[in-house]
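Protein sequence lines correspond, in order, to chains A and B. FYI, the numbering for the first sequence is 11 to 602, going by this note's numbering. FYI, the numbering for the second sequence is -1 to 156, going by this note's numbering.
Treat the hints as calculated values from the structure; they're not laboratory data. A couple of the hints might just be wrong.
[As the list claims (entries may be wrong)] Sample of chain A residues at the chain B side, in silico, Cβ under 8 angstroms:
| # | residue |
| --- | --- |
| 1 | Ala27 |
| 2 | Pro205 |
| 3 | Ala243 |
| 4 | Ala286 |
| 5 | Gly301 |
| 6 | Arg303 |
| 7 | Thr307 |
| 8 | Pro308 |
| 9 | Ser362 |
| 10 | Gln400 |
| 11 | Phe454 |
| 12 | Gly507 |
| 13 | Cys587 |
C-beta: ideal position from N, C-alpha, C; glycine also.
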Amino acid sequence: MNKDIAIKVCTGTGGVASGGEEVLSAFRNAISSAGLEVTIYEKCSAHRVGCRGFCAKDVLVDVIINGEKTTYKHIKPDMVARIFNEHLMKGNPVTEWVVGEEYHTFHNRQTKVVLSHCGEIDPEDIKAYMTVGGYKAARMALTSMSPEEIVDVIKNSNLRGRGGAGFPTGLKWELGLRIKSDIKYVICNGDEGDPGAFMDRSVMEGDPHAVIEGMIICAKATDSHHGYIYVRAEYPLAVKRLQMAIDQCKQSGFIGNNIFGTDFGFDLKIFQGAGAFVCGEATALMRSIEGKRGMPTPKLWRSAEKGLWDKPTVLNNVETFANIPRIIMNGANWYRNLGTERSGGTKVFSLSGNVKNTGLIEVPLGVSLREIVYDIGGGIEGGKAFKALQTGGPSGGCIPAEHLDIEVDYESLAQVGSIMGSGGMVVLDETSCMVNTAKFFLEFTQAESCGKCTPCRIGTKRMLEILERITSGNGREGDIELLQELGHYIRSTSLCGLGMTAPNPVLSTLRYFRDEYEAHIRDKRCPAAVCRELITYSILEDICNGCGACKRVCPADAVRGTRKSLHRIDNDVCIKCGTCFDACKFKALMKK
Amino acid sequence: MKMYKMEKILEKILNDYQLNKVNIISILQDIENSFGYIPEEAVFWFSKKLDIPASRFFGTATFYSQFHLKPRGKNIITICRGTACHVKGSERLINRLFMELDIPPDEETTPDLKFTVEKVNCIGACGIAPVTVLNKEVHGKMTLDKLIKEVKKIKSNE
């Protein structure tokens, strides 16, 4: 049989969770026992994340025979034998397991730059990266471009920092180049701490070489010879794959002395974070590499002047670096034209929450939020109503339906009270309580506040206490105004970005969903039936058939009733854990 | 643990430290990996050897959530508290789990050191929320029912 067959199986963090490794080895076993000439690529997580909406529980597998690609969804190890026998051996795809139309719509709407390799190449093999043009840009930059030329290209591309603040990357590099010092550093910020954002993880896991190549080019442009990649401890697979990539680069002579035969040298190390959100802030991150408590320092100098160990330092985000090789190869104009006038290129967003197609998406800046949620995301799960889109994680805000038509970029999101941030987008439907959501984010920032400056340390605590009393039914008149006042002061007087943006979730929900706050405070009612102290569970008489499922799962023995007769909940005993609500298959449970 | 055995491990960490000139966060990471937490004795041992005040070690250890000053359970259950997981009901998973395992208030480990339940900010698998990690194995789309079953499975293997 003379066929050119390739199989790609997802094996990212989520892929492993869904059994990707088992599927991969099932394919390997089947193939080795049949002796077919098949190459097995491990599909990286980023791509599979993009398809999560369809492979939520299982694994997505690409089978490519003579260039013809078939994508399977929900693949489990025991399904491999049939695909092998019917598709690989006889050439008949197993049609009922092939992905549907929505899979293709999901991808066709996107423009992939940063994610173009994720899910296509084996992230653990430098050769795979080089066959798609890897390290050509670095070679070009090192052998035939001056630092000034590189800086000019990046400046013209209109690339802005993808970590969230949106500082023009070219300007940062220009400053880094201009300042003279015997030692300078390049740092890649992989401390992706925003809950709800996972694009950096996927890029580090799915295309680690692109990040490293971007850093090599940056080192040349700023005349630095030392680099660090700061990765969160929560991302073990990213650490493993980056370390493999660095080792392979050293062997190939892309890291070390005399790179590409030039006299330019660059060495690169990984530093593992130890679990502190504030370390995503540049100055805190540098203190952490120095081995100290990761607390931000006042920005008397730019990091480009005095950064790590007081040496000039250029720090960029993972996604920013991953863009660099493509910009060098394709030119500044190409990248610039992808985006809007103010910001060039594409941005990766992680779309999650109550939306049908959850996953990573990459779109040109300037598309509307509506396109993201409804066209790519496929709309709201389970036919419920859209309530808000949360962007920018705990530093961002909630955007209501009336603003869904704005074009996405740094400025437009700021105008509606949110931020771009690192690109987390969580869709909230009608079952989400906005006061509870605001409380959730404040709990986070309050716990992650490093405690150095008073407005953030004490201010967020007071705001959280107010929100706690509102959600537990003890809200008072004047609480809303108090939250607004506190928020204003914390925003204007905190030391670093964490404190300055901490009130955003509260202020933006107050701006658009004030009525929900008022319902909690005045009527002691949670309109979305989320806040535990304000709801009661009951069983609907005409639906309950007495199956007893709720009674069996109740941990507090609060359900009364005998088999095949109406059950009821004893509200004096009920602890409102919601287990019965999930257990009832007939929707006979009600909460309000 | 017997002191001489602990000292052997600490010697090895010290060697690595002097060889690679890393910082005290790396030392703490090595201690945590070797013992599952940061024993007080280990900090004082390093403080003496390196002539760095113990307060600097403790200051750093308490700052980062990765470090623990108390022994942890044999089985570790991590529940993601990211935004997507929150929207999909992770709060209820946590409440129920603490109840199921009888973990005392303000603690995260059972008194018999069999289970530790910890919350993590976001493990970046938001596409399959809510996510839990049972002894380093990531499980997506978790439900109350599934979680309790998994915990019972671990319990019965004890």
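Hint check results:
1. Ala27: Holds: closest Cβ of chain B sits about 4 angstroms from Ala27 (chain A), inside 8 angstroms.
2. Pro205: Hint on Pro205 (chain A): holds, closest Cβ of chain B at ~4 angstroms, below 8 angstroms.
3. Ala243: Since chain B brings a Cβ to about 5 angstroms from Ala243 (chain A), closer than 8 angstroms, the hint holds.
4. Ala286: 5 angstroms, holds
5. Gly301: It holds, given that the least Cβ distance between Gly301 (chain A) and chain B is near 3 angstroms, below 8 angstroms.
6. Arg303: Cβ of Arg303 (chain A) sits 4 angstroms from chain B, so the hint holds.
7. Thr307: 15 angstroms, violated
8. Pro308: Status violated, d = 19 angstroms.
9. Ser362: OK, holds: Ser362 (chain A) within 8 angstroms of chain B, min 4 angstroms.
10. Gln400: The hint holds - Gln400 (chain A) has a Cβ within 8 angstroms of chain B, the shortest such distance being about 6 angstroms.
11. Phe454: Holds. Min distance 7 angstroms.
12. Gly507: Result: violated, 17 angstroms to nearest chain B Cβ.
13. Cys587: 5 angstroms, holds
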